[in-house]
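Trainee: Since the structure of chain V is provided, determine the placement of chain P on it from the hints.
So the protein lines, in turn, are chains V and P. Residue numbers for the first sequence follow this note's numbering, beginning at 2 and rising by one. Residue numbers for the second sequence follow this note's numbering, beginning at -17 and rising by one.
Be a bit skeptical, because a hint or two may be false.
Stated by the list, open to error - On the chain V side, residues computed to face chain P include the following (Cβ under 7 Å):
(1) S504
(2) E524
(3) N526
Claimed, not checked - Here are some chain V residues the structure puts well away from chain P; computed CB gaps all over 12 Å:
(4) G155
(5) W159
(6) D185
(7) A205
(8) W208
(9) R257
(10) D273
(11) A317
(12) A331
(13) K364
(14) K385
(15) A413
(16) G525
These are calculated hints, taken from the structure and not from any lab test. By construction, the Cβ of each residue, glycine as well, lies at the ideal position given by its N, Cα and C atoms.
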Amino acid sequence: MTGRHNQGGFESRWKSGRFISMGFSPDPAQGLKAAALKARVAALKGPLIHAVITALLLLDLFTNGVASAQVTFERLVNATKEPQNWMTYSGDYSGKRFSLLDQINLKNAGTMTAKWVYQTAATGKFETSPLVVDGILYATAQDNRAFALDARSGRPIWMYQRQVPSDIRPCCGRVNRGLAILGDKVFLGTLDAHVMALDAKTGAVIWDVVAADYKTGHSFTVAPLAVKNLVVIGISGGEYGVRGFIDAYDADTGERKWRFYTVPGPGEPGHDTWEGDSWKVGGAPAWNTGTYDPATNQVFWPTGNPSPSNRGEGRAGDNLYSNSLLALNADTGKMNWYFQFTKHDEHDWDATQVPVMVDAGGKHLIAQADRNGFFYLIDRSNGKLISATPYARTTWSDTKDAEGRPVANSHASPTLEGRTVCPGALGATNFMAPTYDAQTGLFYVTARDQCDIFSTAPQPYEAGHAFYGSAYFPSEEAEPYLGFLKAIDPATGEIKQKFQHTSPTWSGVLSTAGGLVFSGDAEGNFIAFDAASLKPVWHFQMGGAVYAPPIAFAVDGKEYVAIAAGSVVFAFGLP
Amino acid sequence: MFRRSCVWIALWATVFIAGPASPADDRNPLAGDPKAAKAGEYEFRINCALCHGLGARGGGRGPDLTRAQKKHTHSDPDMFQVISNGIPGTAMPANGTNGQGVGMTDEEIWEIIAYIRSQEVKAGSKSLGNAAKGKALFFGDANCSLCHMVAGKGGRLGPELTGVGGSRTREAIIDSVRNPSRRLAWGLTEATKEFPHEYESATVVTVDGKKIRGVTLNEDSFTVQIMDSNERIHLLEKDGLRSFEKTRDSAMPKYDTEVLSNKDLEDLVAYLTSMGAQ
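Only chain V is shown next, with the shape it has when bound in the complex (with noise of 0.2 Å):
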């Protein structure tokens, strides 16, 4: 007996699982019995069982959701020491979104099944990143959705609605990336601009803040991150010249303790990268969840376009901040560094990728593979450039500055006529979570060959209405649309492997200790491919588009991976 049980990993996990439903029962005396049990067991069997029940027992408090234990700070710190549980959007504070656990590994993906699937009934697309701590998954859907499941059957435990106002209009779908955890609380973020606290065991309403005005095309769709004791959101609206902001608001009690405005006013840096009043419309709104190191407590936030986003006319200069990434103090949201991807964008190409912190050869990176078409690696202590290199088909620079940035040719600007330019306005990437694996030290993003025309359409600023200020048609001569899977050497940034899927998709990717790699497509597939060659190892058919990102848990001592497609939630995991 005590051999089996020092098997170790998922093995004595699922043990002790079947070990409290044979003698315990999920209420407050549970510790009391337990201590007695044990010390009943302990005078009969000797010290050596009396260590093994102590272990089964600590490890019971992780696994089983029976005694759910507070989500500290420290946890969220140390979120890779327990790879059971996926805390954060990307899983750690890093971002990069890879999984320790390798019970699912190429050796037995093949035999996946589906394991449960959960309905929400939402409409659109799909785009949450579900969160699961100690057994219970949390997630969101479209329209205010938020929810938390059982994560081994998919039963729900709550279920949370806001209305939403009938004349909202966010820009790109009612959608919603996900949930923040810490304490007893998750934190989401809504179509009408509230940050809310909800109660992680019932859902019930704990505080709800407005942070701006949704009439003026205000609104979240990130997932926020909680750091400390703070709750980190950025606002959405680039599309309808919100000046942008990302905020920190206190978890406990909902005040709002920094708020960092993307665009600079009178009298701050920066401010001169923008004509006239151009900066008080100006967007760079932070619609994508950032990434945190404890080491420096800074928080690497991305920004997105600035508004009108595809005519530069009226706001002449860079316009800082947007399309840029931000290092914050995270106590006080002061910035250290900025590093801007595009200056002066005029083809709407976000920054909003998740900026990834990857360590190599001593140096502390970041690595961001943007939406202009160009991986770049940077240094996360200063913000400098090291390089950046083309991973899809660009066609907007051919050149680069002193220090390496890639500079717009004159040419790609957009013209009443219209210009084709590569990428498109969707973008090479757009907010697809990608991953970094550290067992191949790939960096896999999802990327697409499309070319757009470009055509400007001069229109006034109006509070709350849509202000392009162009419109942009697909290319034909560029069609069909190519699709992939990229596989990135970061170093060199090298394309190592790819697969091309049948037409592009908007799925994120998530890469475990398993050696495997995870992503979804636009026909619905789910697909489990082999790290190292991007060979598909496994697939299943889920019925309706993926435009969210996998994650990967274990409960009970059984690994699931799990994703959103269509208007449902799959759970994964071996037979």
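Mentor: Chain P in isolation, oriented as in the chain V frame:
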């Protein structure tokens, strides 16, 4: 009395709060307003021109909206509903859900309708061919009906064409006859998928050496559904094939003026237009 007051308040709210932007109105409150039509032109470029073309004259993908006769909408409220909710089973999405443009306010939708109506006036109607002769050609010498169905009669290999005259411009129809490979027709549109399927041609060889040629009805990374020239549907797993080749050369032969004169083609267009208007 109380009830009447409520009705009065509701009416007041409709007129003074919802203002001119209520979909409950039975006509466009901005009809004939040139300023509204101009504002609608901006909105149209951002939200609609992607498929319906600049000037609403129809792209290769979306219908020509300058025609007074439209397949799915007649009145302004009809058009409001279609723009707001989309058309099920077609590529026409609901307002704000196509991922391209942003969602529009009710007022902006009325502006777009004002703009489309203003374009209709300019376009006028034109019919250059003889529909009866076109019908005879379609089912006779031009051999269109071998592969295309109209009103329940004809083949299945190519797109069904009953409504094409109501949803495509004359120029787009002519182009697809003269240069069928230049812009492949859209096939199946799936609710959550970004791109509709296209009528690509495929040649496969099965493990037992059987060669199948046809058009793809659908495809993903692992399977393909092909209709061959005998209208048999083949359901195939790609990893079970000896070879799989796909081409963007349309299975439809190119009808140049040697095969089909300009006059005959105008007759065909007239026939399809008359069917599309029904």
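Trainee: Please go over all the hints and tell whether each is borne out by the structure.
Mentor: Quick rundown of the hints versus the structure:
{"no.": "1", "hint": "S504", "in the structure": "holds, 5 Å"}
{"no.": "2", "hint": "E524", "in the structure": "holds, 4 Å"}
{"no.": "3", "hint": "N526", "in the structure": "holds, 6 Å"}
{"no.": "4", "hint": "G155", "in the structure": "holds, 20 Å"}
{"no.": "5", "hint": "W159", "in the structure": "holds, 26 Å"}
{"no.": "6", "hint": "D185", "in the structure": "holds, 35 Å"}
{"no.": "7", "hint": "A205", "in the structure": "holds, 30 Å"}
{"no.": "8", "hint": "W208", "in the structure": "holds, 28 Å"}
{"no.": "9", "hint": "R257", "in the structure": "holds, 27 Å"}
{"no.": "10", "hint": "D273", "in the structure": "holds, 30 Å"}
{"no.": "11", "hint": "A317", "in the structure": "holds, 22 Å"}
{"no.": "12", "hint": "A331", "in the structure": "holds, 32 Å"}
{"no.": "13", "hint": "K364", "in the structure": "holds, 37 Å"}
{"no.": "14", "hint": "K385", "in the structure": "holds, 35 Å"}
{"no.": "15", "hint": "A413", "in the structure": "holds, 20 Å"}
{"no.": "16", "hint": "G525", "in the structure": "violated, 7 Å"}
The structure fails hint 16 only (numbered hints given earlier).
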